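Q: Each chain, written out:
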Amino acid sequence: MTTLPIEPVPAPPPSIETPSAEPRWTSLRGVNASDRIYKGLLTVLALALPLLIIALFVQLFFSALPAIKRFGFSFLWTSTWDPVAEIYGAAPMIFGTLASSFLALLIAVPLAVGVAIYLTEFAPRWVRQPVAFLVEMLAAIPSVVYGLWGVFVLIPFLRSYVVPPLKAVLGWTPFFQGVFYGNSLLAGGIILAIMIVPYIAAVSREVLLAVPSSQREAALGMGATRWEAVWTAVLPYGRAGLIGAIILGLGRALGETMAVTMVIGNRHDISLSALQPAYTMAAAVANEFSEATTSMYQSALAEVGLMLFVITILVNAFARVLIWRVARGTAVGSKAL
Amino acid sequence: MIARTVWRRISSGVMTGIVALLSFTAVLALVLILADLIAKGASSIDWAFFTKSPVPAGETGGGVANAIVGTGIIVGLAALIGLPIGIGAGLYLAEYGAGRLGFMVRFIADVMNGTPSIVIGIFAWTWMVKPVGRFSALAGSAALAILMIPMIARTTEEMVRLVPHSLREAALALGYPRWRTSLRVVARTALGGIVTGCLVGVARIAGETAPLLFTALGNLNFSTAVTHPMQTLSLQIYVYATGPFEEWHRLAWAAALVLMGLVLVLSMLARWVTRQRYGRVR
Chain A
7 MTTLPIEPVP APPPSIETPS AEPRWTSLRG VNASDRIYKG LLTVLALALP
57 LLIIALFVQL FFSALPAIKR FGFSFLWTST WDPVAEIYGA APMIFGTLAS
107 SFLALLIAVP LAVGVAIYLT EFAPRWVRQP VAFLVEMLAA IPSVVYGLWG
157 VFVLIPFLRS YVVPPLKAVL GWTPFFQGVF YGNSLLAGGI ILAIMIVPYI
207 AAVSREVLLA VPSSQREAAL GMGATRWEAV WTAVLPYGRA GLIGAIILGL
257 GRALGETMAV TMVIGNRHDI SLSALQPAYT MAAAVANEFS EATTSMYQSA
307 LAEVGLMLFV ITILVNAFAR VLIWRVARGT AVGSKAL
Chain B
3 MIARTVWRRI SSGVMTGIVA LLSFTAVLAL VLILADLIAK GASSIDWAFF
53 TKSPVPAGET GGGVANAIVG TGIIVGLAAL IGLPIGIGAG LYLAEYGAGR
103 LGFMVRFIAD VMNGTPSIVI GIFAWTWMVK PVGRFSALAG SAALAILMIP
153 MIARTTEEMV RLVPHSLREA ALALGYPRWR TSLRVVARTA LGGIVTGCLV
203 GVARIAGETA PLLFTALGNL NFSTAVTHPM QTLSLQIYVY ATGPFEEWHR
253 LAWAAALVLM GLVLVLSMLA RWVTRQRYGR VR
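Listed in order, the protein sequences are those of chains A and B.
Position 121 of the first sequence, counted from 1, bears residue number 127 in our numbering, the numbering being contiguous throughout.
Position 97 of the second sequence, counted from 1, bears residue number 99 in our numbering, the numbering being contiguous throughout.
It is possible that some hints are incorrect.
What the hints assert, rightly or not - Short derived list, chain A residues pointing at chain B, Cβ under 7 Å:
| hint | residue |
| --- | --- |
| 1 | Gly120 |
| 2 | Phe315 |
| 3 | Thr318 |
To be verified - Label-pair distances were calculated between CB atoms; the ranges are:
| hint | chain 1 | residue 1 | chain 2 | residue 2 | range |
| --- | --- | --- | --- | --- | --- |
| 4 | A | Met228 | B | Leu271 | 43 to 53 Å |
| 5 | B | Thr244 | A | Ala39 | 51 to 61 Å |
| 6 | A | Glu297 | B | Leu271 | 34 to 44 Å |
| 7 | A | Lys75 | B | Ile20 | 26 to 36 Å |
| 8 | A | Gln183 | B | Arg102 | 45 to 55 Å |
| 9 | A | Arg76 | B | Ile20 | 44 to 54 Å |
Source of the hints: derived by calculation from the structure; they are not laboratory data.
None of these values were measured; they are calculated from a predicted model.
Note that CB positions come from ideal geometry on N, CA and C, so glycine has one too.
The following block holds chain B by itself, in its conformation from the complex:
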């Protein structure tokens, strides 16, 4: 009897240790990846890296200025298309989403969140590349926009739902029409959360590569024309990492560090915005 109790205590302790160890392993993976990025990328980052375009294969030097600008343009355009639609759909779900349509939209948004981005790449290619016969940054932006809509919709909905009902009732009682209540009171109160969702969404698409492979294609030269192929950091990392040159690998690590930094800054910013508003609650 006592032996059994002791055994149960021990096994409980051992299992606690195991799950703690598993958590440690998961965190270790993150630390290892970030450490490798810094160890292999940081030394290659200098002024020229940010200001110069790539040099022909085999030569040393050069930078990724074209990719940084390209990432900004493509992601910016995608946000311009995707954010209004996503936020609007999210507001719909929060304000009018109790019915059957709301249920369906919510379900589809959740399911679409898991759709492979490469499939959306094929979609954008068929609609925007094939007809004009030319790869374009715009097609890449469209693909990324489609990718971010369901995600933005769901986070917006969640954030708007956090707004207490009493606020809405107070505004309605003062004679505000519903649309003004929704925009000026409810959405305004949830603004911090909505911005967080948008930042996280932008951070996620900034690192996307697959849907850009045959839409934005990539471009070794500096280009800002949205109807032509354009380079992004993610595409550049892919090409450089799979290429044969030592020099390319070096630049790939540096570009990955920059991309990771960009994504981390956006994520941190997102958390900081939420902290400002819901600091005590969370």
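For reference, chain A alone in the conformation it holds in the complex:
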């Protein structure tokens, strides 16, 4: 077979100079240099947030590493906290954190959801804005001021008016045993409850406002009373968001520091009784970190901080997902934060 001589492919003619992107349109298409610089700058600033959260986690982890290596998982269920013997266990703090937050939710949830229901469904129009504002103002009070109020007003009040009847009626249960000295789980729980009410109320209110009015109208149209419409139509519709709001409040309660530190008693002890002093993770760090002299002591406190950080991040993320499901994309609740 004769091979045909392969003709070299003729080189393409030198391409015609395409007019460089029409200058008239550059700004509209956002491709000019200053636009890119602007976007780049904003992106860098926005990236600060993910970087910060990663840096927080990594740094806490490495600070806590000596304690994690030394104590392993036993850190979680050991109740000894002895800086002299260098034995650390966080069980009392974990218990105290959970118990005080649970107590706070027990008080705050009915209160806050009640506020939200009243303000969205029943209150006269002129009442809504002012009352919502006043409840939100509770969130503006600094934690340390709550603590001060707790120490000098709430605890004396509890001692003279609340604890005696509580003990008389429920003194036989394990939850109200022992002598009440003032600083206690009960005081911590109540202070926390007051502090998280505005958060739960604000987010619940926005969730309820996001419930379409057709839901209410349908229920009312079927002959439901106003309360039945709320109970059978509005609340179930907003359920995920309401749970999100409550979990958000839980996240707040878990991490709240100053007010709790001032009233909870700060004792490394596990007691079922709400009248006894307790400790929380945040309070332990607040109280002891600046006095922690040995590196193992600091590391143990950093591990407590790390646990607190991870728990609140998870709780908050979960709450966010729930709230976003109800009010997709809108920044529901971010005002309250």
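With the hints as your guide, set chain B onto chain A.
A: Showing chain B alone in chain A's frame:
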């Protein structure tokens, strides 16, 4: 049948009463706290309270001038660091935040808003106190700045999003580049809202105590050196409230009243700024 209807009506009325009562309780808590602050704090506030530094423990008199100045410096520095980053991140979320990165940043900002401030205190301590071996006001400011960034970012985003699209389109149609549209038209229009967000953010960090405990530490003397320990109102309230002296408790109430007043003024100012701009809408 009729009995049932009546029962349903009554229970509806009762539940309405209960939720109204709950709202009243929540408002009552606020009123009680504010009333106690005024009742126990107002009598101790005089000229010396604002102009004198604390006297040694056990003596009477003295004021919190050092704490007021310290609060101003620490919060001011924190705002200086935190506001530009927060506003920038917020603008990013509003202008370019539709993609995956925007979603992630938004989510992280929301999650970080709930991070316990004490944890951020440990972070600032490790980076800014431990290496130099000295507590400093600057470390406190850094911690507070970190605390305010996510909050400012989210409020800025929300406010910028309120700006109608037609304004942006009009500016682009006139040939403005995007960055000028964003800054001169969109951000300018949302300025009132952004300022509100900043004021609320500053009000919140002004009352923070936990992240300052082992960064700014507190200082019983008058000090303006940012590389040294410095006092703030919140730290002073903590120390005085947990201390043993009657005199300290008195000063703690007064300091709390001043701090609360500062926070309230900032919050009111924030609302007033918004009212100016969005008066009819809200």
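Q: With reference to the structure, classify each hint as holding or not holding.
A: These are the hints, each one checked on the structure:
1. For A/Gly120, the shortest C-beta to C-beta distance to chain B is roughly 3 Å, which falls under 7 Å, so the interface hint holds.
2. Nearest Cβ of chain B to the Cβ of A/Phe315: about 5 Å, under the 7 Å cut. The hint holds.
3. Interface restraint check: A/Thr318 against chain B, minimum CB-CB distance 6 Å, threshold 7 Å, status holds.
4. Judged by the Cβ atoms, the range 43 to 53 Å given for A/Met228 and B/Leu271 holds: they are separated by roughly 48 Å.
5. Range check, B/Thr244 to A/Ala39: about 58 Å between beta-carbon atoms, so the 51 to 61 Å window is met.
6. One distance hint, 34 to 44 Å for the beta-carbon pair A/Glu297 and B/Leu271, holds here, with the actual separation near 39 Å.
7. Taken as a hint, the range 26 to 36 Å is violated for the pair A/Lys75 and B/Ile20, whose Cβ atoms sit roughly 54 Å apart.
8. One distance hint, 45 to 55 Å for the beta-carbon pair A/Gln183 and B/Arg102, holds here, with the actual separation near 54 Å.
9. Taking the beta carbon of each, A/Arg76 and B/Ile20 are about 53 Å apart, inside 44 to 54 Å as hinted.
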